[in-house]
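S.K.: Spelled out from the first residue to the last, the chains are:
Number of protein chains: 2
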Amino acid sequence: SLGLARANVTHGVREVIVCKDGKGKVGMRFRAVNKGIFVQFVAEGSPAALAGLRFGDQILQIDGENVVGLNHDKAMDLMTKCKNPGRIALGIRDRPFERTITLHKDSSGHLGFEHKDNQIVAIAKETSAARNGLLVDHHILEVNGQNVIGLKNKEVGKVLETAGQTVTLTVMPSIIYDHMVKCMDFSLIKKKQDHSIPEV
Amino acid sequence: SLGLARANVTHGVREVIVCKDGKGKVGMRFRAVNKGIFVQFVAEGSPAALAGLRFGDQILQIDGENVVGLNHDKAMDLMTKCKNPGRIALGIRDRPFERTITLHKDSSGHLGFEHKDNQIVAIAKETSAARNGLLVDHHILEVNGQNVIGLKNKEVGKVLETAGQTVTLTVMPSIIYDHMVKCMDFSLIKKKQDHSIPEV
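Just so you know, the sequences run in chain order A and B. The letter at position 153 of the first sequence is residue 275 when you use the UniProt record's numbering, and the numbering goes up by one with no holes. The letter at position 6 of the second sequence is residue 128 when you use the UniProt record's numbering, and the numbering goes up by one with no holes.
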């Protein structure tokens, strides 16, 4: 299905070319985790969003330099100092802390789990969530590939409701999610985050 | 390569049939994590090892019953009470908390990381580990698919040394690993764990 294709997490490595916009911005924020650099935020309509970068992507290389062991300021410096602002080559590993799980709605439209905002808090017995081994204390980052980070409970519910019979969730253990969004301004996540449906 | 094939983590669901041995044992231990049941230990030469079960596999179903929300005692009860000890059907999700990363040795045979026992503690710049985005605070569970849990530093070094030019590591964030092996008797892990090379 299209949702499945949009949600696909490969854990593979690829090269992505981004450019700076008129204000010299690429439209993403980094966070250092376990000596790696991760995408913590992608702004709606930004060059980063258009290049297909997503929350949780690991940045391996910026403009030819490995970023291992850098803090997020040093990694941002590499973006700032890049030779050609119209063409910054990034080495990306596709969302290493994430995985997908595909569920099917029952005849009442239920998937079989409760969420509080975008965190999974309970699994109901004898449901698609139970049969497929969905876990609590995980955050839902995407629904059929569409980012739901920062959405309120009702909004996440709405996305799930309108998602069709087959729903692929992209999840991350909450313990890692909490670390990844630490120090983030919540209004930024809520208002400016890219929530568009990705092209396949 | 064969190592890559042996190490493959699919996150997919499959059915596995196990039987009890002469002593009524299957040869594995469970742990409840996030309302799911996980394989915490597989004994060498046991029915569980022969059936291809591994540390970190999620048990979805035992003998037709979903295990969501059970504690490990209740899950073990389902194994004990099963109708036919010669044929217990398990629904398994392939190691949801794990991922693989493939590295290549340089001309000196180095991969580019330091480990303490089976935990990754440092990444060297300009190495295969750095280029591929290996992370610290992760545990190595398998090397080319071979379980290294409970091995001491030297033994892990030996496995890495003899692993050939291309080495696929199966890793898990240490924060999740620590939770998974909590309450485990270390001598059990060390002495009786299945460390055999898996068949593909």
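Mixed in with the good hints, there may be bad ones.
The list cannot tell twin chains apart, which means a pair is met if one copy fits it or any two copies do.
[What the hints assert, rightly or not] Result set (DSBU-like, lysine-lysine): computed pairs, CA atoms no more than 30 angstroms apart in a straight line:
id, residue 1, residue 2
1, K276, K142
2, K145, K276
3, K312, K247
4, K142, K280
5, K238, K304
6, K314, K142
7, K203, K238
8, K274, K196
No wet-lab data here; the hints were simulated from the structure.
S.K.: All the hints need checking, so say for each whether the structure fits it.
M.R.: To see whether the hints hold, each was checked on the structure:
Within a single copy, K276 and K142 get their C-alpha atoms no closer than 35 angstroms, and across copies no closer than 48 angstroms, so neither meets the 30 angstroms cut-off. Taking the shortest alpha-carbon separations for K145 and K276, neither the intra-copy value of 35 angstroms nor the inter-copy value of 53 angstroms comes in at or below 30 angstroms. For the homomeric pair K312 and K247, neither the shortest alpha-carbon distance inside one copy (32 angstroms) nor that between copies (36 angstroms) is at most 30 angstroms. Neither within a single protomer nor between protomers do K142 and K280 lie at most 30 angstroms apart by alpha-carbon distance, with minima of 34 angstroms and 47 angstroms respectively.
Taking identical chains as interchangeable, the C-alpha atoms of K238 and K304 lie at most 30 angstroms apart whether they share a chain (18 angstroms) or sit on different chains (28 angstroms). Proximity of K314 to K142 under the C-alpha cut-off of 30 angstroms is restricted to the intra-copy arrangement: shortest distance 17 angstroms within a copy versus 56 angstroms between copies. In this assembly of identical chains, the alpha carbons of K203 and K238 never lie at most 30 angstroms apart, being 41 angstroms within a copy and 36 angstroms across copies at closest. In this assembly of identical chains, the alpha carbons of K274 and K196 never lie at most 30 angstroms apart, being 33 angstroms within a copy and 35 angstroms across copies at closest.
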